[in-house]
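K.L.:
Here's the letter readout for the chains.
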Amino acid sequence: MIAELGHYFLVLALGLTVIQAIFPMIGAARGSDRMMMLGQPAAYGQFFFSLLAFLALTYSYLISDFSVSVVARNSHSLKPLLYKISGVWGNHEGSLLFWVMFLALFGAMVAYFGKGLPKSLRARVLSVQAMVGIGFYLFMLLTSNPFDRLSDVPFEGNGLNPLLQDPGLVFHPPFLYLGYVGLSVVFSFAIAALIEGRVDPAWARWVRPWTLLAWVFLTIGIVLGSWWAYYELGWGGWWAWDPVENASFMPWLVATALLHSAIVVEKRDTLKSWTILLAIIAFSFSLLGTFIVRSGIITSVHAFATDPERGLYILVFLALVIGGSFLLFAIRSDKLQAGGLFAPISRESGLMINNLFLSVAAAVVLYGTMHPLLSDAFFGVKSSVGPPFFNLVFSLLMIPLVVTMVYGPHLKWKRADIKGVNQRLMAVTGIALLAGLMTFYVTYGGAIMPAIWIGIGVWLLLSSLQELASRIKLFQAPFKDSMSRLRRQPRSSWGMTLGHFGFAVGLLGIVGTSAWTIEAQKVMGLGEDMTIGDYRLTLKDVIPVAGPNYTAVRGIISVSPKNGAENGEIFIAYPETRTYVSSPITTTEGDVKTTMAGDLFIVIGESQGQGRWGIRAYYKPMQVWFWIGTIIVVLGGLISLSDRRYRIGSPQGQKASRKMKHAP
Amino acid sequence: MKFLLIPVLFMTLVLNAAAIGVDKDRLQDPAQEDRAQHIMKQLRCLVCQNQSIVESDAELAQDLRAIVREQIIAGETDAEIFKFMTARYGDWVLLKPPFNSATAILWLGPIALLLIGGFLIFRTIRQKPEQDVTRPLTAAEEKHLKKIMKDNN
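Protein chains in written order, with my numbering: chain A, 1 to 664; chain B, 665 to 817.
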């Protein structure tokens with residue numbers, strides 16, 4: 001009964017979405033207030049019913065109603081509550097419902113908080129948002145109905161893959177989806193602006209919080225996935241340039257570019273059509289990420305054949321949305337007059353160069369991911385594009401990007417004085433050079449790139465601090481004065497400082513862990529030892545352990561300094577290998593000892609017979625810097641998001657803040 | 665679940681591999697083993713999904729690792745080992761594809777995009793100031809301006 005209600009709510013939501021798509025758009029064109037006003041109630045109603053549908057599905061999971069096909073395929077009555085709930089969006093049908101529910105929520109938020117928007121713009125945004133929604137509702141109802149019943153009701157569900165029963169993976173997909181869906185709002189604003197033929201600083205100001213919100217969600221989602229891979233997969237890897245990872249990285253790169261170019265639109269009223277284009281591309285990548293990866297087309301063309309109906313629908317939908325928006329862009333973008341002029345050396349130029357490299361990076365990821373498929377299709381040549389390719393191209397592309405990050409924030413709008421900036425950065429540049437040289441000296445004989453990268457990372461790190469220092473006139477004004485300036489810094493500029501600083505910290509982590517990871521492996525009996533880096537690992541014991549739904553082999557490994565006294569034990573590691581009862585899956589629970597200098601990562605393998613076990617260990621220098629860096633970046637995003645002038649609900653946008661600025 | 669199924673499918677492979685994967689025949693000389701590792705990271709495990717032979721314990725990956733180590737001991741250069749592998753399995757085995765007509769877009773694309781983008785930026789920056797973008801005020805704005813001036817006085 002509940003499932004039927006859910007299905008019914010879904011149809012109702014679709015009905016309201018159609019209304020939301022049609023009337024506000026016509027109303028905006030004809031200047032009819034009454035028709036435009038229909039957008040808000042329709043958006044609220046659509047959200048209400050999609051939420052009810054989502055709750056209905058959640059309910060079916062909670063009571064383990066195995067007559068519902070999705071529940072039977074993905075749940076199990078004995079599954080912990082957390083995983084029953086996460087199971088709702090942990091599959092194709094449910095994740096679509098999750099997606100569309102948030103699409104509706106964000107639409108309703110635009111309706112509610114958008115009271116300061118021009119009426120026609122708000123109406124058009126809501127309408128575009130609804131058009132995207134219609135595509136999703138129809139896709140669900142026609143090809144992937146989450147409320148489909150089974151005529152043969154199984155007694156027990158199939159259960160969820162034990163690998164996915166991990167807190168990291170409970171939150172990874174929803175954050176990604178929130179990021180993807182957040183970009184839909186930016187997209188709707190872009191399309192609405194194209195139809196209006198008007199993009200101005202006010203528009204950029206309304207779009208900014210949405211971009212930032214989506215970007216923060218995307219960042220969190222990607223990092224959670226990466227973190228999960230690091231801890232759970234037992235190879236100590238955290239990024240493999242896998243198609244699934246790439247699909248989430250592309251919208252992130254473009255959203256990052258968009259975040260920066262929107263600033264130019266806001267402050268300088270220029271770079272408009274480019275910003276609109278980025279908004280369209282960012283959302284196109286979101287759709288690609290949602291559909292193409294799920295359908296498995298990137299990994300194999302044959303995935304299409306197994307489900308031609310869905311595949312065809314996805315292709316048509318993508319063609320309509322992406323193709324349609326590009327067409328509209330081609331027709332209307334010349335309406336967008338460029339505003340402010342600027343000199344070659346200026347903040348504007350810096351941001352443009354930032355955009356250039358981020359976009360090319362996104363294009364590289366896109367083509368690199370698609371290349372094996374295209375090569376097979378057009379040349380009949382099987383080809384692989386893996387980490388060695390991406391790492392090489394990225395490490396080259398990112399150098400100019402980071403140099404731009406070093407200089408950009410120091411440059412003034414319109415016309416900047418590069419000599420002055422160079423002078424100001426002199427000390428910072430010196431220290432960075434020294435850091436690079438020292439790295440080169442210490443690792444002499446090894447590769448030279450890591451030393452260059454360490455230098456560049458340190459340069460960015462210090463330069464972002466220096467920028468903050470010069471903004472608050474540290475050491476130039478009395479200290480108390482500087483402190484009060486520090487307190488008065490707008491939150492959005494804290495966002496920039498933290499964002500760049502965190503990026504630098506993360507970058508140093510990436511360099512350390514990718515360049516100098518060492519690995520050791522040995523088949524050991526009890527009492528034997530092996531060395532890795534400065535550590536000595538001694539296998540003390542191996543014991544069987546029984547978990548709730550698995551059995552495990554747990555190693556007890558004593559870690560001591562390589563050259564230390566026999567009893568100089570630093571800590572004991574307890575790595576496990578788990579074998580699950582319900583499925584033929586083994587998972588490794590490596591034990592990681594984290595310090596700022598590096599992670600010691602220890603994994604135990606299965607028995608090699610005769611009381612011997614394979615032990616693998618990694619020492620990953622500075623790994624934790626990467627995680628800390630991403631946390632700082634996300635914090636920066638959140639702080640910037642809380643800036644009063646840019647809040648999503650910011651009532652008057654620019655006007656209000658102008659008043660504030662001039663207030664005595 | 666399809667979305668998660670893809671990574672999960674090969675993760676199970678990885679995981680099983682993780683549970684066993686300890687090479688007993690590692691090279692004694694650390695420098696040689698480093699070289700072997702470096703080469704192996706660039707070779708695709710052909711029966712896995714997007715994994716190098718270092719990270720897999722599929723039988724094929726084990727065999728290929730053994731071959732790489734054997735050839736290093738036999739004194740082959742890196743290039744010779746790659747050549748041997750591609751002769752046997754085609755370019756597919758290389759995770760960093762070589763430059764040829766089929767991969768021209770892959771390798772040259774980024775450079776071309778940078779050039780095009782750089783040119784566009786150059787053009788935008790060189791916009792001459794005489795391209796006047798200010799438009800005359802509308803009547804309403806004119807009135808508003810007058811009012812402001814009056815208020816100030």
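What the hints contain is simulated information worked out from the structure, not anything from laboratory work.
Virtual Cβ for every residue (Gly too), placed ideally from N, Cα, C.
Be a bit skeptical, because a hint or two may be false.
[Unchecked claim] Here are a few chain B residues that face chain A, going by a calculated C-beta distance under 10 Å:
#1 708
#2 714
#3 719
#4 773
#5 774
#6 781
#7 801
#8 807
#9 809
K.L.:
Against the earlier hints, flag every one the structure doesn't satisfy and list their numbers going up.
P.N.:
Of the numbered hints, 7, 8 and 9 do not hold.
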